[in-house]
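**Student:** Just so you know, the protein sequences line up as chains A and B, in that order.
Read in order, the letters of the first sequence correspond to residues 16 to 244 in the numbering used here.
Read in order, the letters of the second sequence correspond to residues 701 to 1102 in the numbering used here.
Please note: incorrect hints may appear among the correct ones.
[What the hints assert, rightly or not] Calculated lysine to aspartate or glutamate pairs in the EDC-like style (CA-CA distance at most 16 angstroms, straight line):
| # | chain 1 | residue 1 | chain 2 | residue 2 |
| --- | --- | --- | --- | --- |
| 1 | A | 133 | B | 704 |
| 2 | A | 31 | B | 1097 |
| 3 | B | 813 | B | 863 |
| 4 | B | 958 | B | 937 |
| 5 | B | 1089 | B | 1005 |
| 6 | A | 90 | A | 22 |
| 7 | B | 941 | B | 796 |
| 8 | A | 75 | B | 1097 |
| 9 | B | 798 | B | 704 |
| 10 | A | 75 | B | 1094 |
| 11 | A | 211 | A | 84 |
| 12 | B | 767 | B | 1005 |
These are calculated hints, taken from the structure and not from any lab test.
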Amino acid sequence: MKRPLFDLKNVKKVYKMGDVEVPALRGINLTIEKGEFVAIIGHSGSGKSTLLSIMGCLDKPTEGKFFLDGEDVLKVSDNRLAIIRNQKIGFVFQQFNLLPRMTALENVEAPCIYAGIKRSERIKRAKELLERVGLEKERFYHYSNQLSGGQRQKVAIARALMNNPDIILADEPTGSLDTHSGDELMKIFVQLNEEKRAIILVTHEKYIADFARRIIHLRDGLIEGQNGA
Amino acid sequence: MVLELIKVAFRSLKANKLRFILSMLGIIIGVAAVIAIISIGQGASQKITEQISALGSELITIFPGFKGGTRGKISTQVTNIFSLELAEDLKRLSPDVKNVTAVIQGGAYLKYKENNMMANVVAITPEFSEILNVSTQEGRFITNQDLDEYRKVVVLGQEVVNELFSGEDPLGKRIVVQYGNRKFMFEVIGVLEKKGQMMFFNFDNQIYIPVTTVMKRLTGAHYVSQYYAKAREGKAEEAIKQIEFILTKRLKDENLFKVFAQQQVIKAVGQATSTMVIMLAGIAGISLLVGGIGIMNIMLVSVVERTREIGIRKALGAKRRDILIQFLVEALIISFVGGVIGLLAGWIISAVVAHLNNWPVVLSPSSIILAVGFSMGVGLVFGLYPARKAARLDPVEALRYE
Ligand SMILES: Nc1ncnc2c1ncn2[C@@H]1O[C@H](COP(=O)(O)OP(=O)(O)OP(=O)(O)O)[C@@H](O)[C@H]1O
Ligand SMILES: [Mg+2]
Chain A
16 MKRPLFDLKN VKKVYKMGDV EVPALRGINL TIEKGEFVAI IGHSGSGKST
66 LLSIMGCLDK PTEGKFFLDG EDVLKVSDNR LAIIRNQKIG FVFQQFNLLP
116 RMTALENVEA PCIYAGIKRS ERIKRAKELL ERVGLEKERF YHYSNQLSGG
166 QRQKVAIARA LMNNPDIILA DEPTGSLDTH SGDELMKIFV QLNEEKRAII
216 LVTHEKYIAD FARRIIHLRD GLIEGQNGA
Chain B
701 MVLELIKVAF RSLKANKLRF ILSMLGIIIG VAAVIAIISI GQGASQKITE
751 QISALGSELI TIFPGFKGGT RGKISTQVTN IFSLELAEDL KRLSPDVKNV
801 TAVIQGGAYL KYKENNMMAN VVAITPEFSE ILNVSTQEGR FITNQDLDEY
851 RKVVVLGQEV VNELFSGEDP LGKRIVVQYG NRKFMFEVIG VLEKKGQMMF
901 FNFDNQIYIP VTTVMKRLTG AHYVSQYYAK AREGKAEEAI KQIEFILTKR
951 LKDENLFKVF AQQQVIKAVG QATSTMVIML AGIAGISLLV GGIGIMNIML
1001 VSVVERTREI GIRKALGAKR RDILIQFLVE ALIISFVGGV IGLLAGWIIS
1051 AVVAHLNNWP VVLSPSSIIL AVGFSMGVGL VFGLYPARKA ARLDPVEALR
1101 YE
């Protein structure tokens, strides 16, 4: 039996702010297979980021079930979640989220440090990946605050690929980039998808979502509709 | 892995050097204070012990006791018991007493040509030289013949020579000694070798005259003010018992005298200084705790500031333990570097103090280990709370932090 990569059943998330309860997700049912390229689209506040955080094991739903690659991740330890994030998932964020006071190369190395991979191997892999995403060699030793937005996002993607994950989760990765850098980035995502990696991408923009083979529309914490697949 | 986390910790400390230094300050001051106090205390007590031991651990001092003092009467020191004959008897009757000297202490006004000064007068018997390890550098010491003939001869301490004779050779010269309100001419027969300060008196600013001269010619007193005795090698305790036994028999009252062994004095001084040092070091130790609170303070600020970084690291797969170690290592680096700098500062302070006071610089390995170890312990304890706080941050909330 083929098991889905993501399997969410009636996932709800309610934020409590004092006495006020803010429902961010109101019952999501979603399955995503291995190697899929999915875009999640919706208005601001519709719950896209919340859904992605849950899928990335950064957050837990208030209610519902969630199996990742067949594993009931709502029942595992904090340590196991850290290992899943480290090994199975690569994150790309709108605000790049590079580590401060670290060079491009060191940023890319970081996931391998937590994976306990030795230095020479780490550096070799990091350089290969940076070359692959098209960062110029002379930028490898620049600190994150010395790089442009496009360059930073390239570093972030290289970092997401460091432990060779099956899943890339990207929350508005082009949101802080101009169209040219955005297109360049999307080409990389398409390539990664061709390598059988599942890509889940949150976006506002229709034309970015069109790179995906399946588009999920969110509205007020519910899946309103899907196209593709 | 841990090595990498140490590197990361170093990196973030380097990024904010001023804060790093400020966070170390409390520890530096605390460790410096502890080290300086312990080292100065040990140096001082070593010097004092050395001085006392230089007098010989076989030295025994016998003072008159006090009488009266009951029923509201004021107690007075007993003055009419220590005769020269009793000193002879003590020496003769106690097998473990090697030598006894009878001493009268007083003050006098000295004059030579136009120079004059005040000095302590120590009236002694020849045995004084052997018992207190003093000898003359020039001329001769007081002899039994001087005592038998009540000679008006004097041996001078170095400082007295310097002040009174200003370069002139004092031997054979006659000086005026005003004792009470009577003046006597004394002939200088010797100059004592330089001895310096020993415990309670300075041998160099005193003059030494035969005890019988004081008794027969100067005051007419029949008794001396104290005895010094010297026990045979390693027999101090036995000697004291014998002296006490004889004196109790003779005087029929054990409150009329007091016998002190030099060893007791050494022990008492040692105890007093070490209690003092422990107390002061304890107070200084409190400043180490304050330094620890400083570390905690700054680490807490640092955790809040780096909330986002912690979130990123968690998204990349850092476990709680990884974050905990990273911040704990930071606290340990602060306290270790602070401890080492404090150690150096404390060492410099104690070296300067030791130099000024002319005593040895004592910095025992145990106090080094204690100070650095304690400061790292402080870093560990006070770093734990901020590090745990960092490790327990919720990843999503940390990533959302602006
Ligand atoms: N930590 C939080 N505390 C309280 N409410 C929250 C929190 N995070 C999200 N929300 C609320 O949950 C809802 C969904 O938020 P989410 O960030 O998932 O939206 P989004 O679709 O990603 O929006 P955008 O496109 O602006 O990024 C919003 O109404 C938001 O106000
Ligand atoms: Mg969002």
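**Student:** So, for every hint listed, does it hold in this structure?
**Tutor:** Taking the hints in turn, this is what the structure says about them:
1. Among the hinted pairs, residue 133/A with residue 704/B is consistent with the structure: their alpha-carbon atoms are about 10 angstroms apart, no more than 16 angstroms.
2. In summary, the hint linking residue 31/A to residue 1097/B is supported, as the alpha carbons are separated by about 13 angstroms, within the 16 angstroms threshold.
3. For the suggested pair residue 813/B and residue 863/B, the alpha carbons sit about 12 angstroms apart, so the restraint of at most 16 angstroms is met.
4. Restraint check: the Cα-Cα separation between residue 958/B and residue 937/B comes to about 14 angstroms, which is no more than 16 angstroms; the hinted pair holds.
5. Distance hint between residue 1089/B and residue 1005/B is fulfilled; the C-alpha atoms sit about 13 angstroms from each other, no more than 16 angstroms.
6. In summary, the hint linking residue 90/A to residue 22/A is supported, as the alpha carbons are separated by about 15 angstroms, within the 16 angstroms threshold.
7. This hinted pair checks out: residue 941/B and residue 796/B have alpha carbons roughly 10 angstroms apart, not beyond 16 angstroms.
8. Of the pairs offered as hints, the one joining residue 75/A and residue 1097/B holds, with about 12 angstroms between alpha carbons and a cut-off of 16 angstroms not exceeded.
9. This hinted pair does not check out: residue 798/B and residue 704/B have alpha carbons roughly 72 angstroms apart, beyond 16 angstroms.
10. The hinted pair formed by residue 75/A and residue 1094/B meets the criterion: a straight-line CA distance of about 11 angstroms does not exceed 16 angstroms.
11. For the given pair, residue 211/A sits about 15 angstroms from residue 84/A by alpha-carbon distance, which is consistent with the 16 angstroms threshold.
12. Taking the CA atoms of residue 767/B and residue 1005/B, the gap is near 76 angstroms; set against the 16 angstroms cutoff, the hint is violated.
Comparing the model with each numbered hint stated earlier shows that hints 9, 12 do not hold.
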